[in-house]
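Sequence order for the protein chains is F and S.
For the first sequence, the working numbering gives the first residue as 1, with consecutive numbering after it.
For the second sequence, the working numbering gives the first residue as 1, with consecutive numbering after it.
Do not take every clue at face value.
Any copy will do: because identical chains look the same in the list, a pair fits if it lies in one copy or spans two.
[What the hints assert, rightly or not] Derived SDA-like pairs (lysine to any residue); straight-line CA-CA distance at most 20 Å:
{"#": "1", "residue 1": "Lys-416", "residue 2": "Arg-346"}
{"#": "2", "residue 1": "Lys-101", "residue 2": "Asp-66"}
{"#": "3", "residue 1": "Lys-415", "residue 2": "Gly-367"}
{"#": "4", "residue 1": "Lys-256", "residue 2": "Pro-312"}
{"#": "5", "residue 1": "Lys-256", "residue 2": "Gly-287"}
{"#": "6", "residue 1": "Lys-416", "residue 2": "Gly-367"}
{"#": "7", "residue 1": "Lys-101", "residue 2": "Gly-211"}
{"#": "8", "residue 1": "Lys-256", "residue 2": "Gly-286"}
{"#": "9", "residue 1": "Lys-256", "residue 2": "Arg-313"}
{"#": "10", "residue 1": "Lys-21", "residue 2": "Thr-32"}
{"#": "11", "residue 1": "Lys-415", "residue 2": "Leu-13"}
{"#": "12", "residue 1": "Lys-256", "residue 2": "Gln-288"}
{"#": "13", "residue 1": "Lys-416", "residue 2": "Asp-350"}
The hints are simulated quantities; they were obtained by calculation from the structure and are not laboratory data.
2 protein chains.
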Amino acid sequence: MKQDYAVRIDPVLAAGLDRTKAAADVCRARQTLEHGSGPGAASTGWLELPARIEPELDRLEEVAADLRRHEAVVVVGIGGSYLGARAVIEAFAAPFDPAPKVLFAGHHLDARYHRALLERLSGADYAVNVISKSGTTTEPGCAFRFLWDDLGRRGDRELASRVVATTDRARGALRELADAHGLRSFEVPDDVGGRFSVLTAVGLLPVAVAGIDIRALLAGARGMMERLRDPAADSPDTNPALAYAAFRLAAFRAGKRVEVLSTTAPHLGCLAEWWKQLFGESEGKGGQGLFPAALSLTTDLHSLGQWMQDGPRIVVETALDVVWEQPLAIPAMEGDRDGLGHLAGRTVHDVNRIALAATLEAHRDGGVPCCRLEIDRLDASHLGALLYFFEYACGVSAYALGVNPFDQPGVEAYKKNMHRLLG
Amino acid sequence: MKQDYAVRIDPVLAAGLDRTKAAADVCRARQTLEHGSGPGAASTGWLELPARIEPELDRLEEVAADLRRHEAVVVVGIGGSYLGARAVIEAFAAPFDPAPKVLFAGHHLDARYHRALLERLSGADYAVNVISKSGTTTEPGCAFRFLWDDLGRRGDRELASRVVATTDRARGALRELADAHGLRSFEVPDDVGGRFSVLTAVGLLPVAVAGIDIRALLAGARGMMERLRDPAADSPDTNPALAYAAFRLAAFRAGKRVEVLSTTAPHLGCLAEWWKQLFGESEGKGGQGLFPAALSLTTDLHSLGQWMQDGPRIVVETALDVVWEQPLAIPAMEGDRDGLGHLAGRTVHDVNRIALAATLEAHRDGGVPCCRLEIDRLDASHLGALLYFFEYACGVSAYALGVNPFDQPGVEAYKKNMHRLLG
Numbered sequence: 001m002k003q004d005y006a007v008r009i010d011p012v013l014a015a016g017l018d019r020t021k022a023a024a025d026v027c028r029a030r031q032t033l034e035h036g037s038g039p040g041a042a043s044t045g046w047l048e049l050p051a052r053i054e055p056e057l058d059r060l061e062e063v064a065a066d067l068r069r070h071e072a073v074v075v076v077g078i079g080g081s082y083l084g085a086r087a088v089i090e091a092f093a094a095p096f097d098p099a100p101k102v103l104f105a106g107h108h109l110d111a112r113y114h115r116a117l118l119e120r121l122s123g124a125d126y127a128v129n130v131i132s133k134s135g136t137t138t139e140p141g142c143a144f145r146f147l148w149d150d151l152g153r154r155g156d157r158e159l160a161s162r163v164v165a166t167t168d169r170a171r172g173a174l175r176e177l178a179d180a181h182g183l184r185s186f187e188v189p190d191d192v193g194g195r196f197s198v199l200t201a202v203g204l205l206p207v208a209v210a211g212i213d214i215r216a217l218l219a220g221a222r223g224m225m226e227r228l229r230d231p232a233a234d235s236p237d238t239n240p241a242l243a244y245a246a247f248r249l250a251a252f253r254a255g256k257r258v259e260v261l262s263t264t265a266p267h268l269g270c271l272a273e274w275w276k277q278l279f280g281e282s283e284g285k286g287g288q289g290l291f292p293a294a295l296s297l298t299t300d301l302h303s304l305g306q307w308m309q310d311g312p313r314i315v316v317e318t319a320l321d322v323v324w325e326q327p328l329a330i331p332a333m334e335g336d337r338d339g340l341g342h343l344a345g346r347t348v349h350d351v352n353r354i355a356l357a358a359t360l361e362a363h364r365d366g367g368v369p370c371c372r373l374e375i376d377r378l379d380a381s382h383l384g385a386l387l388y389f390f391e392y393a394c395g396v397s398a399y400a401l402g403v404n405p406f407d408q409p410g411v412e413a414y415k416k417n418m419h420r421l422l423g
Numbered sequence: 001m002k003q004d005y006a007v008r009i010d011p012v013l014a015a016g017l018d019r020t021k022a023a024a025d026v027c028r029a030r031q032t033l034e035h036g037s038g039p040g041a042a043s044t045g046w047l048e049l050p051a052r053i054e055p056e057l058d059r060l061e062e063v064a065a066d067l068r069r070h071e072a073v074v075v076v077g078i079g080g081s082y083l084g085a086r087a088v089i090e091a092f093a094a095p096f097d098p099a100p101k102v103l104f105a106g107h108h109l110d111a112r113y114h115r116a117l118l119e120r121l122s123g124a125d126y127a128v129n130v131i132s133k134s135g136t137t138t139e140p141g142c143a144f145r146f147l148w149d150d151l152g153r154r155g156d157r158e159l160a161s162r163v164v165a166t167t168d169r170a171r172g173a174l175r176e177l178a179d180a181h182g183l184r185s186f187e188v189p190d191d192v193g194g195r196f197s198v199l200t201a202v203g204l205l206p207v208a209v210a211g212i213d214i215r216a217l218l219a220g221a222r223g224m225m226e227r228l229r230d231p232a233a234d235s236p237d238t239n240p241a242l243a244y245a246a247f248r249l250a251a252f253r254a255g256k257r258v259e260v261l262s263t264t265a266p267h268l269g270c271l272a273e274w275w276k277q278l279f280g281e282s283e284g285k286g287g288q289g290l291f292p293a294a295l296s297l298t299t300d301l302h303s304l305g306q307w308m309q310d311g312p313r314i315v316v317e318t319a320l321d322v323v324w325e326q327p328l329a330i331p332a333m334e335g336d337r338d339g340l341g342h343l344a345g346r347t348v349h350d351v352n353r354i355a356l357a358a359t360l361e362a363h364r365d366g367g368v369p370c371c372r373l374e375i376d377r378l379d380a381s382h383l384g385a386l387l388y389f390f391e392y393a394c395g396v397s398a399y400a401l402g403v404n405p406f407d408q409p410g411v412e413a414y415k416k417n418m419h420r421l422l423g
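One chain only, chain F, in its complex shape:
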């Protein structure tokens, strides 16, 4: 594996955007990020994470192995305490798995889902990883109450052996609970915000429980970290994160207001959700920021293709192009009645990539500047590299827009209303 080339950017498709001026601005923004001279600098611990997390790995793997002995592990979290782990787990999940090891809860307030979950777990041998910095967030709090109640009926020893908390080191409701009951616990670092926490225990424990190689994930992230933070990689030509940030900045300045992330496989759908939080929550402030949306190709060509080709020209597209996927040849058909005889013997993935190339060309010609991100294959190492790539590009991109990438003041508004309406 050529780690240096885990992510390549093809900017040729970005016709119509002035990336030259944007280039200078993202280079300055990178200095702000690297020097810790911008707002929110106390939350840039994620920059070092791929190296810094190393000492925790033995214990993470040990606890994960213990949790895996249970029939199922319920991961309770929302937002940044949910999306990263789910993105990685789904990227490698077997389609049609009738009994996945990791189940998710606490990420919404749907009664039907919770009831089905409790039925599924009734009498089952399961464990819980509850993830919350504070321990007082409504959704994971509600879900955790159900599970704590259920396990509590089985006795205190069951609680202590079956519940692992990922939370603040010293403070907060979940920390207190963990200490009071002698739960095993992992730390959510103070200098890493939720949406940048996938490479802490927040993401790594559930990912390890799912059987994914977290050392490979981190090795990929570390390779990307070294590449992007190399002082010599100081321009969009030498630093793909700067190239991507410049593309986005130029797009916003040209009046674009929506960025679509196109992926080419359904198992990348949650990665797109993680990406949406990362960029949307980091940049969507004071009237700034592209609206992040996702296309799952080729599915969505048959639903949103028309709008992409011919709707308001406020959109840019970033496409994730995975070079290698397992080969599966399209079979012949007697008589070729379906008019698809030219596809017989080609691999499904080959046709999928050709469809992507055709789509990006068409969208560009239709007035949608495109940015193709190429990764060699989708394994843990390449995915780790990609996660770090997006995080770094996001920090740079938000600083270039002039916003603090690491706060989220707007999310208080509905919470205030909610407390009022709940009395």
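Given chain F, work out where chain S should sit, using these hints.
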């Protein structure tokens, strides 16, 4: 059930939009739709479908019952031949079902998915419903080749008994195949486009195979049809589809470019995908049309909430508020360490709806005009009503924008490139 009120609209939240001028325009657009005087009028057969489909129901139910005897039924289709059925089936699917009756294929070109599907089906007792007007679309064509090849090895009688085609009455590749092999078949009407076809055999057969009451679905749609097409329901005050269309038109004219459909349960995610095709493909033409996006609440408050509250003010929000859901009370917790003691004893759904109300108020105050659609409960009848409601509102809305709601000229661009790249 009060059928007349299956959908209520709360316009109070739409602060800042001039819906008065839009009201006159959507009323005119409704006349265009009803009189068949606009472009694409030959494709308005869906207006009558809830009544017209009646004579097909006995045979649809009979074939569905026969298909249900198999362990699994693979539904092969994409776009309008896929999303409607999946939206209805997922709305009622049991979470964590280890062996769903209906599997989907032909909606993308992911090799890993196809390989897993073939492994799952290997030696299994399964049937296929292949859905395509032409029979030559790439994605369903590829998937169908795999299944046809597999079943073909089991002999010709297996093909004839296990494959049901939903296709053109008289022409096309799939019609020829069905006739040549004596397959059972259903018709895709000429006067109903793909994205309006959920209430034809295209949607109804898979839905019936999944065990859902298609007569209740159609009864709800019929009730809504009679309500919306009532000549007396000629203003936004008396016709909720006109109210919704006026909201959307006023939004576009006020410079809004994104419409978010917010749903409050994960099982409504595919309904949002269906809605995205319906409106995006009908309106996204000649620079017109809101970009349709989806929020799954409360999940996405913790990812896109910040952008919604404080990003560029180009967005409006439509929220689906389901009044009744099965009650499930949040348990007490000793000591209330999580600070959520005030929620103990309340139902999860109650808190979910309060979160939605709090969110819409916050978004409106943040400059996002909102439209709340209220349905009494999510059963087949109410869902049928909702599907028709959206279709009717879409036809009106697109005519009011000045576009043909029933064509999709832009989707040819990537197909042309694809044929070139495939040689």
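Are the CA atoms of Lys-256 and Pro-312 at most 20 Å apart within a copy, between copies, both, or neither? The answer is both: 10 Å in one copy and 11 Å across copies each meet 20 Å.
Checking an output row: Lys-101 and Gly-211, CA cutoff 20 Å. Within, between, both or neither? within (9 Å within a copy, 28 Å between copies)
Alpha-carbon proximity between Lys-416 and Gly-367, which holds within one copy, between copies, both or neither at 20 Å: between (41 Å within a copy, 17 Å between copies)
Is it within, between, both or neither when you check Lys-415 against Leu-13 at 20 Å Cα-Cα? between (42 Å within a copy, 18 Å between copies)
For the identical chains here, do Lys-256 and Arg-313 meet the 20 Å Cα criterion within one copy, between copies, both, or neither? Both: 7 Å inside a chain and 13 Å across chains, each within 20 Å.
Go through the copies and call it for Lys-415 and Gly-367: within, between, both or neither, with a Cα cutoff of 20 Å. between (39 Å within a copy, 17 Å between copies)
Cα distance capped at 20 Å. Does Lys-101 pair with Asp-66 within a copy, between copies, both, or neither? within (13 Å within a copy, 34 Å between copies)
Homo-oligomer pair classification [Asp-350, Lys-416; C-alpha up to 20 Å]: between (51 Å within a copy, 17 Å between copies)
From the Cα coordinates, with 20 Å as the cut-off, is the pair Lys-21 and Thr-32 best called within, between, both, or neither? This pair counts as within: shortest intra-copy Cα distance 17 Å, inter-copy 49 Å.
Please sort Lys-256 with Gln-288 into within, between, both or neither, judging by C-alpha distance up to 20 Å. For Lys-256 and Gln-288, both the intra-copy (11 Å) and inter-copy (15 Å) Cα distances are at most 20 Å.
Same-copy or cross-copy closeness of Lys-256 to Gly-286 [CA-CA at most 20 Å]: Intra 16 Å, inter 17 Å, cutoff 20 Å: intra and inter.
Cα distance capped at 20 Å. Does Lys-256 pair with Gly-287 within a copy, between copies, both, or neither? both (13 Å within a copy, 13 Å between copies)
The structure is consistent with each of the numbered hints, conforming to all of them.
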